[in-house]
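Asks: Here is what each chain is made of, one letter per residue.
There are 2 protein chains.
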Amino acid sequence: MKYPSKIKKQNQKSIDFANRGMSLENDLNLTNEYYIEKNIAVIHKKPTPIKLVKITFDCQKNAKINEAYFQSPSTTDYNGIYQGAYLDFEAKETKTRNFPLANINQHQINHLRKIIEHKGIAFLIIRFSIINETYLIKGEDFIDFIDKKTRKSIPYSYFKDNCFLIKESYCPRLDYIIIIKDLYFGGNYEKNDKKN
Amino acid sequence: MKYPSKIKKQNQKSIDFANRGMSLENDLNLTNEYYIEKNIAVIHKKPTPIKLVKITFDCQKNAKINEAYFQSPSTTDYNGIYQGAYLDFEAKETKTRNFPLANINQHQINHLRKIIEHKGIAFLIIRFSIINETYLIKGEDFIDFIDKKTRKSIPYSYFKDNCFLIKESYCPRLDYIIIIKDLYFGGNYEKNDKKN
Chain A
2 MKYPSKIKKQ NQKSIDFANR GMSLENDLNL TNEYYIEKNI AVIHKKPTPI
52 KLVKITFDCQ KNAKINEAYF QSPSTTDYNG IYQGAYLDFE AKETKTRNFP
102 LANINQHQIN HLRKIIEHKG IAFLIIRFSI INETYLIKGE DFIDFIDKKT
152 RKSIPYSYFK DNCFLIKESY CPRLDYIIII KDLYFGGNYE KNDKKN
Chain B
2 MKYPSKIKKQ NQKSIDFANR GMSLENDLNL TNEYYIEKNI AVIHKKPTPI
52 KLVKITFDCQ KNAKINEAYF QSPSTTDYNG IYQGAYLDFE AKETKTRNFP
102 LANINQHQIN HLRKIIEHKG IAFLIIRFSI INETYLIKGE DFIDFIDKKT
152 RKSIPYSYFK DNCFLIKESY CPRLDYIIII KDLYFGGNYE KNDKKN
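Chains as they are written, first to last, in the numbering used here: chain A, 2 to 197; chain B, 2 to 197.
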């Protein structure tokens, strides 16, 4: 397929991945690096799934991908281990005062359900960019919202009243593990759903 | 970048991913699908990490990757959850009568160490293609081999004497979870290292 040189040029300009609205992802990557460094938890972002179409090899047999497409993920983006427990979450930013449920695809919802069923710790990290607040919503609460089918989005007020504001700082950027520790391993927020 | 049409044609021929020596990967993917379907465990292969260099967009804003390269993974390829526990493993095929330690990169070795440290279940699945036998080696045993530094490869005899032969069948193709169940959740192979 040929692209006019003008379009190509424009696109090349737009491929600055470091600033492609990935500030939440960036903050989480830095946080996860901190957790690994401090031996707190081992959590990684999964690579983006890509459908390979055309690959060429140079004379040193190095592969170069010449045609490929992004695929929609069938699981959440992040998983790992904390105190022996399996952790699994998705992270999203929203520019509005609510979180549209359509931002999480059906495969990801099914995946979160399965993780809960298998006694993993599932959650979502949602950043409201306009007010720069980031919340942790428990997978169970999120699924409950989906199952009720009364709304197409979760309002900000729900997060404020029922979810957990993640403290931001220089290092770690977004200390979400402290909430997980409180929720599942004994702490202030401890509820009925405490894990063994 | 332009490629002569001859080279292009040759390369297109070689991109039959289904048969690119990925039979172990294929068997594991089918096995993992079976585990999900039967609600036994939720284990996925992570997508291959790819470094994106050039992307273009068509008029519908669909992204097409025009230049990208494979990156070496910083973690193992597979992870997931079984009975609430975090599982993590790498899978490799070898065509010789031993398993060269160089087949697992340093990042992956460090990752396995960390998983063990954080009380996850870490292991490797090694297939000896020439005799069509697939073994599960515990992460602890593999790390022990690395740390001893006496050999550059693990001989087949070690696998035969100290590891666990994975039964192959039509469905599931490679039932490795049954070994994990025995090793860590009470069963025949139960040893001192039983998890709580």
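Certain hints may be false.
Note that identical chains are pooled: a pair holds if it fits in a single copy or bridges any two copies.
Said to hold, decoys possible - The calculated SDA-like cross-link candidates involving lysine to any residue, where the alpha carbons are at most 25 Å apart (straight line), are: (1) LYS115 - GLU26; (2) LYS52 - ILE37; (3) LYS96 - ALA64; (4) LYS46 - GLU118; (5) LYS62 - TYR157; (6) LYS153 - LEU31; (7) LYS46 - LYS120; (8) LYS153 - LYS168; (9) LYS153 - SER130; (10) LYS149 - ARG114.
Hint data in this document are derived by calculation from the structure and do not stem from the laboratory.
Asks: Of the numbered hints stated earlier in the document, which are not met by this structure?
Replies: Hints 5, 6 and 8 not satisfied by this model.
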